[in-house]
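Position chain B relative to chain A; hints supplied.
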Amino acid sequence: MSVSVDVVSSPLTVDPSDRKRQRRTQKRRANVTGWTFVGVSTFMVIGLSIFPAAWALLISRRKWNLLSPPKDIGWKNYGTMVHDPEVWAALRHTLFFTALFVPISILLGMLIAVALNQRIKLVGFYRTAIFIPFVASAAATGILAGFVFEPNYGSANDLLRRLGLPTQPFLESPTQAMMVIVLIALWGQVGFTVVVYLAALQDIPKDVVEAAIVDGANRRQVFRYVTIPELAPVTVFTAVWQTITALQLFDLVYTTTRGGPIGSTTTLVYYVYQVAFQQSRFGYGAAVSYGLFALTMIVTLFMIWYSRRTKIEAF
Amino acid sequence: MSLLRAVEIEEPTSALPKKKGWLPFSGWHILLMPIALLFAVPLVQMVLTSFMTDAEINSFPPKFIPTSINLGGYQQFLTESLAPRWMLNTVVVATISVIAHLILCSTAGYGYARLKFRGRNFGFFAIVATIMIPTQLLMIPTYVMFSKLGVVNTLAAAFIPWLTSAFGIFLMRQFFLSLPKELEEAGMIDGLTSFGVFRRIVLPLAKPALATLAVFTLLNSWNDLVWPLIAISNQDNFTIQVGLTTFQGTRRTQWSALMAGNVIATLPLIVGFLIAQKQFVATMTFSGLKG
Chain A
1 MSVSVDVVSS PLTVDPSDRK RQRRTQKRRA NVTGWTFVGV STFMVIGLSI FPAAWALLIS
61 RRKWNLLSPP KDIGWKNYGT MVHDPEVWAA LRHTLFFTAL FVPISILLGM LIAVALNQRI
121 KLVGFYRTAI FIPFVASAAA TGILAGFVFE PNYGSANDLL RRLGLPTQPF LESPTQAMMV
181 IVLIALWGQV GFTVVVYLAA LQDIPKDVVE AAIVDGANRR QVFRYVTIPE LAPVTVFTAV
241 WQTITALQLF DLVYTTTRGG PIGSTTTLVY YVYQVAFQQS RFGYGAAVSY GLFALTMIVT
301 LFMIWYSRRT KIEAF
Chain B
316 MSLLRAVEIE EPTSALPKKK GWLPFSGWHI LLMPIALLFA VPLVQMVLTS FMTDAEINSF
376 PPKFIPTSIN LGGYQQFLTE SLAPRWMLNT VVVATISVIA HLILCSTAGY GYARLKFRGR
436 NFGFFAIVAT IMIPTQLLMI PTYVMFSKLG VVNTLAAAFI PWLTSAFGIF LMRQFFLSLP
496 KELEEAGMID GLTSFGVFRR IVLPLAKPAL ATLAVFTLLN SWNDLVWPLI AISNQDNFTI
556 QVGLTTFQGT RRTQWSALMA GNVIATLPLI VGFLIAQKQF VATMTFSGLK G
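Sequences listed follow chains A and B, in order. The numbers in the working numbering rise by one with no breaks, and the one at position 166 of the first sequence is 166. The numbers in the working numbering rise by one with no breaks, and the one at position 217 of the second sequence is 532.
So that you can see chain B by itself, here it is in the shape it has in the complex:
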């Protein structure tokens, strides 16, 4: 199945011969330039607007570039809400999710790829089957389960859904299946246990797959709205996403503060994307579902 793998986008591969046209540049630019601007300009505008005053934003005709750098929006967002707390919560949730995901999905993926044990097929089948169960079906029973377990209104409600995932296990298993068996066999002959082989031989080779998995989990846990929204109503334990939407609910017209909040909530991932574009793009293929 082509979609359930992490792809790497290579350089353009079109084998078509170049056509000499009547334009001094390729005709594709006429299509791509406006589309690229439509995608990029709103984000640029978000950053620029966050430095304006509300009066400037409400002026007519609308301004695109602020006349001076104004930090009032940031000040308002950070002091009139619990934003610093929400950011810290989000960092905690994302860190726990990523670490747990890396450990749990790589061990499970290796187990299902290489080890022989009773119940292996059943376990793997069950995991693959869960990919078909949509989040919306789980909202109510998971909430009920969380409230019975007493995790409602705690940060745990935000990270428990992201500790491991069928996609992560599947991704790691596919990766381990693609490794040559000889190295592991050599390790066994040298007297390593299964766990030793996994830690000393397999994991160091799995760095690219682990990077993809880490980005996948970071994106999902950082941006998640549904779980913290339904399970956490105590402001102190909001993630930044839930915090932002409640802030939006009470200050519909204070755009500079809202845009500042948007920048604060998005910037870490945008910077991450610009640094590690390859890993981000690789995860896009199987995280098409943004909730």
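Bound conformation, chain A alone:
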């Protein structure tokens, strides 16, 4: 058996200034190691979000088509924005979508999650069927929706005909198009709220439910007085999250109606896209996107404040 001995060359008495130097090099080495691990990622995340976000504020004070040199015009773009009827129309369309999409996706998500949390047959099939549209891209979803809601031979009108109901123009009607987009968005994204609620339901301690049953609560009372309060924080979080998503609706509009018919589905982000990338008004586009950012922040903060006031700890 061989014994290996590490020869440690540390004398028993160390000069204090030496020890200080040693500690300093150790610290420096730790800093180098640390930044080797996090440096690239941190630099890229900041470079691709905080830096451009700040730059957008500068761009929003310019008149700029990227070809001729930018002209600094102060806050004028924001003044234009406030008086731009198209911005107000886009805001109305965006809020209409949000007001329908957010509550329905939450209620539907909660309902489906409760149902999927029952011990019944076929649960695996139901779960797969409900989650699978989530992986379909906005492009594929939009094209598929265009086919399903095609007024002449689409299956939506086929179904209405079979039920003896009048057929509808759907995406070709200025009054119906946005509602159809709500349906399409729900189809693609309800999976998200379902997963969140399923996880929350599974976090409810079983003994709380059992205690309520022992105390004589029936199924409805258990749901009303145990389940719903336990789900409240998740509901607040989901509502905030879905609102932020809804206010930024773009993809589905682009892949179904491209803002039409007669501009009836032009949302704020779609308007930013048109202004900047089709009309080359980059300064004005940046101003509108900052306007939307401010709106999103105000709505989010209001929702958080309101939930705090009603004593729901979600954040």
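If you're looking for bench data, these hints aren't it; they were derived computationally from the structure. These numbers come from a predicted model, not from an experiment. One or more hints might be untrue.
[Claimed, not checked] If you want a taste of the chain B side facing chain A, the calculated C-beta under 7 Å gives, among others: (1) P327; (2) L419; (3) T422.
Ideal placement from N, C-alpha and C gives every residue a C-beta, glycine not left out.
For chain B alone, coordinates are given in the frame of chain A:
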């Protein structure tokens, strides 16, 4: 915060006693069956329609099942567009994104979870803060930045936004924080460097989190529309998503080709979902934002 973690959906947990009803089956089926069909049928219809001829699709009343398997739609989509090229581009973009994400987010996540260094809190705070910045705010400045850097119209414009992400770093950091420290300390005592500990001890334990991260990145980079749409106008460098929407713009009524394109663009992810449903569901909780 409950949402910023990857959840695993377990078997049903309802603790409510079973109610004996008047139906021979549970009443929940009356709710779930129609909903499940509404979600699944359009996708089935997409696949079936892709095998029809346009004449068959335009017949009245509409048919659901093709009379014979017709590959005309696929042929048209693959030959009348640059679809094979677009698919290859998408595979390249997704592969680079996933690999970069795995490397960059796991190292950064480990650094912020375990290592002590100057600027750690500042760096982590900055990363978390970026979660609040919406994509729409970044569209214009990022485009300008890309055009100054000369990446506009190259594939790089499609994958640069997905090389790393605040969500990925956050996910990995949370995972590493949940590991017991003892193993890493033992590794240090055995003379491994921080990087050795990370590679030999920590990473092998992180496989589940890495799988979730990989699926998250695959979904986002494969399905991304906004970045390639605004930054790439050269057909050769389209991803399949942008290609599909331009194809749609010029052939609004050629449904068999459009549906074939849809199947080609979606099938890889659907198959992936069916194989690794657990990982996909885990990522759904923090990728609720589909752009």
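A quick look at each hint next to the structure:
1. The restraint placing P327 of chain B at the interface with chain A holds, with a minimum CB-CB distance near 5 Å, inside the 7 Å limit.
2. Contact between L419 of chain B and chain A, as hinted, is supported at the beta carbon level, the nearest pair being about 5 Å apart and thus within 7 Å.
3. Hint status for T422 of chain B relative to chain A: holds, with the closest Cβ pair at about 5 Å, below 7 Å.
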